[in-house]
Amino acid sequence: MTTSDRKPGERGRRAPAGAAVLREDVTEAIRAAVFEELAAVGYARMSIEGIARRAGVGKTAVYRRWRSKLHLVLDLVSALAVQGLPTPDTGTLEGDLRLLYEVTSRALRHPVASQVVPDLLAEAARNPEIEAALQKALREGQHGVASGIVAQAVARGDLRADLTGADEALALDLMSGPLYWRAVVVRGHLPEGYLEGLARATAAALEAL
Numbered sequence: 001m002t003t004s005d006r007k008p009g010e011r012g013r014r015a016p017a018g019a020a021v022l023r024e025d026v027t028e029a030i031r032a033a034v035f036e037e038l039a040a041v042g043y044a045r046m047s048i049e050g051i052a053r054r055a056g057v058g059k060t061a062v063y064r065r066w067r068s069k070l071h072l073v074l075d076l077v078s079a080l081a082v083q084g085l086p087t088p089d090t091g092t093l094e095g096d097l098r099l100l101y102e103v104t105s106r107a108l109r110h111p112v113a114s115q116v117v118p119d120l121l122a123e124a125a126r127n128p129e130i131e132a133a134l135q136k137a138l139r140e141g142q143h144g145v146a147s148g149i150v151a152q153a154v155a156r157g158d159l160r161a162d163l164t165g166a167d168e169a170l171a172l173d174l175m176s177g178p179l180y181w182r183a184v185v186v187r188g189h190l191p192e193g194y195l196e197g198l199a200r201a202t203a204a205a206l207e208a209l
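Quick note: the sequence shown uses full-length UniProt numbering, first residue 1, plus one each step.
Hints are supplied without guarantee of correctness; some may be wrong.
To be verified - Below 25 Å or equal to it, Euclidean Cα-Cα: the simulated SDA-like pairs (lysine to any residue) are:
id: 1; residue 1: K136; residue 2: E36
id: 2; residue 1: K136; residue 2: G177
id: 3; residue 1: K69; residue 2: G56
id: 4; residue 1: K59; residue 2: V41
id: 5; residue 1: K136; residue 2: E28
id: 6; residue 1: K69; residue 2: V184
id: 7; residue 1: K69; residue 2: F35
id: 8; residue 1: K136; residue 2: R182
id: 9; residue 1: K69; residue 2: R126
id: 10; residue 1: K69; residue 2: G165
id: 11; residue 1: K136; residue 2: E168
id: 12; residue 1: K136; residue 2: A208
id: 13; residue 1: K136; residue 2: A33
id: 14; residue 1: K69; residue 2: V117
id: 15; residue 1: K69; residue 2: E123
id: 16; residue 1: K136; residue 2: F35
id: 17; residue 1: K136; residue 2: R65
id: 18; residue 1: K136; residue 2: L121
id: 19; residue 1: K59; residue 2: K69
id: 20; residue 1: K136; residue 2: T92
id: 21; residue 1: K136; residue 2: R126
id: 22; residue 1: K59; residue 2: V103
id: 23; residue 1: K69; residue 2: D162
id: 24; residue 1: K69; residue 2: A107
id: 25; residue 1: K59; residue 2: G91
id: 26; residue 1: K69; residue 2: M46
id: 27; residue 1: K136; residue 2: G91
id: 28; residue 1: K136; residue 2: Y43
id: 29; residue 1: K136; residue 2: P178
id: 30; residue 1: K69; residue 2: G58
id: 31; residue 1: K69; residue 2: E131
id: 32; residue 1: K136; residue 2: W181
id: 33; residue 1: K136; residue 2: T27
id: 34; residue 1: K136; residue 2: V103
id: 35; residue 1: K59; residue 2: A107
id: 36; residue 1: K136; residue 2: H71
id: 37; residue 1: K136; residue 2: R160
id: 38; residue 1: K69; residue 2: V103
id: 39; residue 1: K136; residue 2: G165
id: 40; residue 1: K136; residue 2: D75
Treat the hints as calculated values from the structure; they're not laboratory data.
Make a model of the complete structure from these sequences and hints.
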C-alpha cells in the first residue's frame, strides 16, 4: 500500500505503487515539535498527539517514523552525539577553553535547551534507555571536543605528554563539569567575567596534573 506524508488539506501527486515516502520536511517539523513539546510540558506529559499538533501533521506521520514517544526522544538525543561542536584551536589552552565555554554556555542558555536538558536528566534517573542515550550524547559530544583540546595542548607543550588514562579522565571532568553544574543544576545567571575566570582556573588545574 502506498504511503506518503501530507499535512492536513495538502494535495500532491501520488507516490509510485509500493513506495513509502517519508518527506524530510515533515520529519524535521516533527523533530522541532518534539523539542518544543518537551520544553512546554516535559517528557512525562508529552504525547504523540501534542507533537503531531505542533508539527501540523497527523499522528500517523509520527508513527511511521517512531514506534513511541520513547523511541522518538531516544533518536533525537542520540543524534546530538554526532552533531558535536568543532574543536576550538585558538593557539592557547586557556583560549580554547574560553571558546568552548562560550559556545556551550550559549547552547545551554537557549530557552528550549534550558528546559529540555534538566527534564531529560531527571527522566534518565527513572528510565535506563534514556539514561544510556543521554550519557552517550553528552560523552561523545562534549568529551570528544574536550579530548581534542587536550591533544592540541599536549602537541603545543602546554600539557605534559605522558598523561595517564586516569589523568586524562580527570582532565575531561575538570573541563566539562563546572559549567554543566552551574548551567544545568544551579541554573543561575553567570556573573560578568565568569567564563574567563573558569577558563583561566581550568587551564591552571590542567597544567598542574
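For each hint given before, does the structure comply? Return the numbers of the non-compliant ones in rising order. 10, 12, 20, 22, 23, 25, 27, 35, 37 and 38
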